[in-house]
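This is what each chain is made of:
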Amino acid sequence: MANKFGNSYGLTTLCPLINGHQQHTSFDKITRHRIQLLEENSGSPFARIPDTYFARLFILNDVFFEQGNNVARDHLQSKYLVFTSNFHGDLEPYLQGMWNNAEADVRHIWQYAVAFDKVQNAADFIRYIKRCQLTTTLFFNGSTDDSLQQQLKSLYVKQAFTEFALQHQGKPVAELRAAFKTFMQQLQIDNIETPSWQPGQTQL
Amino acid sequence: MTMDRALDLYDIQGNICKGYGRFGFPKARYFFLEFHQYAGARAFLQQLIPLITTAEPWSEKDHPDQSDKPQATTNIGFTYAGLSALGLPRRSLDGFPLEFRMGMKNRAGILGDEGPSDPANWDPVWQGEPVHAWLSVNGQSRQAVVDRYRQIEQLLQQSQGSVTIRPGHKGPQGSLQPWQDASAVYENGRVTPKEHFGYVDGIGNPYFAGCGNDPSRLPGRGKLTRDDGWQPLATGEFILGHIDEAREYPIAPEPHLLALNGTFMVYRKLHENVTTFNRYVDRLATDFDGSRELLMAKFSGRWPDNGAPLVLAPDDAAKAELDQQLAQLTAKAAAGDHTAATELRALKAKWIDFTYNKDRHGSRCPIGAHIRRANTRAALETEKDAFNTPSALDDRRRLLRRGLPYGGEDETPADDTEQGIIFMCIGASLERQFEFVQQQWINYSNDFHLGNDRDVLIGANNGQLTDKHIIQVNPKQGKAPFFCTHLPRMVETRGGDYFFLPGITALRMIAQGIIDPT
Chain A
1 MANKFGNSYG LTTLCPLING HQQHTSFDKI TRHRIQLLEE NSGSPFARIP DTYFARLFIL
61 NDVFFEQGNN VARDHLQSKY LVFTSNFHGD LEPYLQGMWN NAEADVRHIW QYAVAFDKVQ
121 NAADFIRYIK RCQLTTTLFF NGSTDDSLQQ QLKSLYVKQA FTEFALQHQG KPVAELRAAF
181 KTFMQQLQID NIETPSWQPG QTQL
Chain B
1 MTMDRALDLY DIQGNICKGY GRFGFPKARY FFLEFHQYAG ARAFLQQLIP LITTAEPWSE
61 KDHPDQSDKP QATTNIGFTY AGLSALGLPR RSLDGFPLEF RMGMKNRAGI LGDEGPSDPA
121 NWDPVWQGEP VHAWLSVNGQ SRQAVVDRYR QIEQLLQQSQ GSVTIRPGHK GPQGSLQPWQ
181 DASAVYENGR VTPKEHFGYV DGIGNPYFAG CGNDPSRLPG RGKLTRDDGW QPLATGEFIL
241 GHIDEAREYP IAPEPHLLAL NGTFMVYRKL HENVTTFNRY VDRLATDFDG SRELLMAKFS
301 GRWPDNGAPL VLAPDDAAKA ELDQQLAQLT AKAAAGDHTA ATELRALKAK WIDFTYNKDR
361 HGSRCPIGAH IRRANTRAAL ETEKDAFNTP SALDDRRRLL RRGLPYGGED ETPADDTEQG
421 IIFMCIGASL ERQFEFVQQQ WINYSNDFHL GNDRDVLIGA NNGQLTDKHI IQVNPKQGKA
481 PFFCTHLPRM VETRGGDYFF LPGITALRMI AQGIIDPT
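As you go down the protein sequences, you meet chains A and B in turn. For the first sequence, position 117 matches number 117 in my numbering, and the numbering has no gaps at all. For the second sequence, position 351 matches number 351 in my numbering, and the numbering has no gaps at all.
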């Protein structure tokens, strides 16, 4: 299956938006505005959706041509809400998690997507997204295929260990051993939740 | 049809194709002009043109008569503001690349000029409106420099205020000078190729097609071929109006004659905090497994005393052996032994002609060492045959360096005395070459898989724990790498700008006011 690479999944969806207006503003503009108002970093709804590596929402206005004259030009019949996400695991559990953790945001963003008014629950949402899905091999290069928590903990450990190594270079063996023991206790290497980086966190 | 055509070296300014430093010009004076009235400024340029030095060949072979080489040289470059003040047509001005039009000060974010290097802290000459032109005089002696300077000063006086010198260079004992003097560093009265930290500098400048230099200088200076050979870099990497490594003409203004045989130059006054450097090295050397010299070499990639690359001599024992070999061959060659002379030349060629192919882990030359950052020599091709040629990623980021040290003559170098390097580098694209190297390779390390590490010597480090440099070891030897932490700011930017160095034809046309892009 082309959308899957190891344990990572590359989802690409194009959801058509209703052609129309509300109080002088077209639905695609309302939708774009809502996307642009989403919080960033830890406040982003994607930070709440488990196992999201990298996700993006944007509006596809039309197709563009760079050729000269006398070329038959196609146009899209509507504008599309494009939702792409790279995540850990399989599609259905991921979308279930999306609905469970960010239902209000999902409803708000997809409100003017064609036929989204029929989506009432997680099962409907999964069915809807699958209808809009493209088969692609678009993956975010910069991530392993481990679970998000595993990756965040790994990054945290790497960073903390680097600082430990820098701080303790050349120390006598006994002192180093004692310091490392303390370091390992603080690090709680088997505790995947804490201490660690949090989803969406960009600064210590 | 011929693939390559000789460059018109008489139409290219001097110091571009070959560095003056190598030809016995250890002294220089740089000064900066303001144009107040363009007719007068053009008249001044017309009088200056006969003094401008070109890239005409002067080596002993080309000209057995040594008198051909002048006592002093003169060269000129213009900022965007300067070209504008000279009345270049709007369409020609608009054709210059964005970074040139913006000037160095406005590129501070890209160049890492923050904190002590922030443009607000630069010498007074750089404050306010940009300077209009850079003039440089190099001399075989200080007297030759002063004589040529006086000659130009007279032309300035004749311009009756149309052209003036912008003063404001910080000099010795808190003085402000109307010019920036520069000089090779002397030891026991003899010229050395060293800078004030004690490193031999300026080794291994690029070799490009048509430069007129001896082809024996090509290995190590050109671009690498698949069979481990070297070819000259495309002319257009360094001279405008010629095809570059992408088989394209570099971005350049119209008309064609304005750009042809011209190029861009970075001028940057880099202050060296000599006390900070020495203290840091002294402190670290007590913990380091090796000599102080080896530690310094692990910062730069070359041994400070004679510039031998670490790839050739990776530790103190190998260096001692190399020095012995060098001394023996030098003595024999001096005594007339031709075989020894040939061997000596072959050995010295290894100062330049090397790659990091057998040093992937950096156990000889650290991956973050200065010379491995500034000239990556195919080290970025980490997978076999990943690119068309081994150095494809490096060939478009090469810098012709043409600087000289300054200061250190009248006072003992410390942090608060005035000494450093006048860094000048030349290339067809400031953005693709100098700015990229400065931003991505000097002040960042993603391409080297070294995270946020910066260059030890010229990086914008701030003394924090993670401001670090890693001295790698051979992973099979079971030794620990050595971490140089809390790197301080060794070098601070004290000013500079971007200059266009026109060809001689273009300079005449600018002086005549006949640049016409239509």
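Hints in this document: simulated from the structure, not taken from any laboratory. Note that the structure is a prediction, hence the values are computed from the model and not measured. Fair warning: there could be bad hints in the mix.
A partial selection of chain B residues facing chain A, derived with a Cβ cut-off under 10 angstroms [unchecked claim]:
id, residue
1, 465
2, 485
3, 488
4, 489
Mimicking PhoX-like on lysine-lysine, the simulated pairs with C-alpha atoms at most 25 angstroms apart in a straight line are [as the list claims (entries may be wrong)]:
id, chain 1, residue 1, chain 2, residue 2
5, A, 158, B, 350
6, A, 158, B, 105
7, B, 476, A, 171
All C-beta atoms in this analysis are idealised placements derived from N, C-alpha and C, irrespective of residue type, glycine included.
Worksheet entry | Restraint status (C-alpha distance of residue 158 of chain A to residue 105 of chain B at most 25 angstroms) | 37 angstroms, violated
Item to complete: May I ask you to test the interface hint for residue 488 of chain B with respect to chain A, counting a Cβ-Cβ separation under 10 angstroms as satisfied?
Response: 15 angstroms, violated
Practice prompt. Below or equal to 25 angstroms on CA atoms is what counts here, so check residue 158 of chain A against residue 350 of chain B.
Written response: Answer violated: residue 158 of chain A to residue 350 of chain B is near 39 angstroms, above 25 angstroms.
Practice prompt. Hold the hint about residue 485 of chain B up to the distance rule: shortest CB distance to chain A must be less than 10 angstroms.
Written response: Hint on residue 485 of chain B: holds, closest Cβ of chain A at ~5 angstroms, below 10 angstroms.
Discussion item. A closest beta-carbon separation below 10 angstroms is what the hint needs, so does residue 489 of chain B meet it against chain A?
Written reply: At 18 angstroms from the nearest chain A Cβ, residue 489 of chain B fails the 10 angstroms test, so the hint is violated.
Practice prompt. Sort out whether residue 171 of chain A lies within 25 angstroms of residue 476 of chain B, counting only the CA atoms.
Written response: Holds, because 23 angstroms separates the two Cα atoms, which is no more than 25 angstroms.
Item to complete: Answer holds if the nearest beta-carbon of chain A is closer than 10 angstroms to that of residue 465 of chain B; otherwise answer violated.
Response: 6 angstroms, holds
In summary, the numbered hints that this structure violates are 3, 4, 5, 6.
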